[in-house]
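Could you build the full structure based on these sequences and the hints that come with them?
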Amino acid sequence: MAWIFLIIAGLCEMLGVTFMNWALQRRTWPLWLAMVVGYGLSFGFLDLALQTLPMGTAYAIWTGIGAAGGVLTGMLFFGESRNWRKLIWVGVILIAVMGLKLIS
Amino acid sequence: MLKHWSRIVYGAIFEVGWVVGFKHAATLWEWGLTALAVYLSFYFLIKAGEVLPAGTAYAVFVGLGTLGTTVTGILAFGEPVSPAKVALIFLLLIGIGGLQVVTAREEH
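For the record, the sequence lines run as chains R and L. Numbering-wise, numbering that gives the first Met the number 0 puts 60 at position 61 of the first sequence, and it's gapless, one number per residue. Numbering-wise, numbering that gives the first Met the number 0 puts 41 at position 42 of the second sequence, and it's gapless, one number per residue.
These aren't lab readings, by the way, just hints derived from the structure by calculation. Even for Gly, the Cβ is constructed at its ideal location relative to N, Cα and C. Honestly, I wouldn't trust all of these hints.
Here are some, though not all, of the chain R residues that point toward chain L, as calculated from beta-carbon distances under 10 Å [claimed, not checked]:
id: 1; residue: Ala59
id: 2; residue: Gly63
id: 3; residue: Gly73
id: 4; residue: Leu75
id: 5; residue: Phe76
id: 6; residue: Glu79
id: 7; residue: Asn82
id: 8; residue: Ile87
id: 9; residue: Trp88
Output of the computed footprint for chain L on chain R, the stretches with three or more beta carbons under 8 Å from beta carbons of chain L [unchecked claim]:
id: 10; region: 39-53
id: 11; region: 94-103
Rendered as structure tokens:
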């Protein structure tokens, strides 16, 4: 269950990162608010996951999913280039996440 | 320039602070400190991000945060450590770093 919370937290973190980058460009209050909501949900689910999982593992996976997810949403929704190099690094992150799950 | 990267370090320190708080805070006082740490970690990251390249700043911030939480968890809270765990966390950070490098490169 903790792992599911962690993944959801990572996806919300992805939303937070996306809105943060957007807000740093546009600087409108709705974008900052969306960032806050995204991070708020992300923290809530991370808190739940941390009740069970070790800190370093949970934190690293949480940010990894956030970063990888941010790149994927950028490619899918913000017209960012579908660079194969980016996908390889996303793959590296996902392999590391799966590995950490396996050894836990 | 150093001032800006220092902010990343301060932010990462508070990041470790709130992760510890989430896992271990029990009293209202401890939760209050945790909330303060969340605010300060964001404050320093955003301040640094106004000047530094956002992707790089974030990657370094997250790298330091991961290092800090992992070490703190192992040394202060007796969390399990294994070579595989350390290697995989390191691999994950490399993945995040590589992603930032590729993303930054194509913006130029």
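Taking the hints in turn, this is what the structure says about them:
1. Ala59: Interface hint status for Ala59 of chain R: holds (5 Å vs cutoff 10 Å).
2. Gly63: Gly63 of chain R check passes; min Cβ-Cβ to chain L is 5 Å, inside 10 Å.
3. Gly73: holds, 8 Å
4. Leu75: violated, 15 Å
5. Phe76: violated, 15 Å
6. Glu79: holds, 8 Å
7. Asn82: At 6 Å from the nearest chain L Cβ, Asn82 of chain R passes the 10 Å test, so the hint holds.
8. Ile87: holds, 8 Å
9. Trp88: holds, 4 Å
10. 39-53: Per the Cβ count (6), the hint holds.
11. 94-103: Our answer is that it holds, as 6 residues pass the Cβ test (under 8 Å) against chain L, meeting three.
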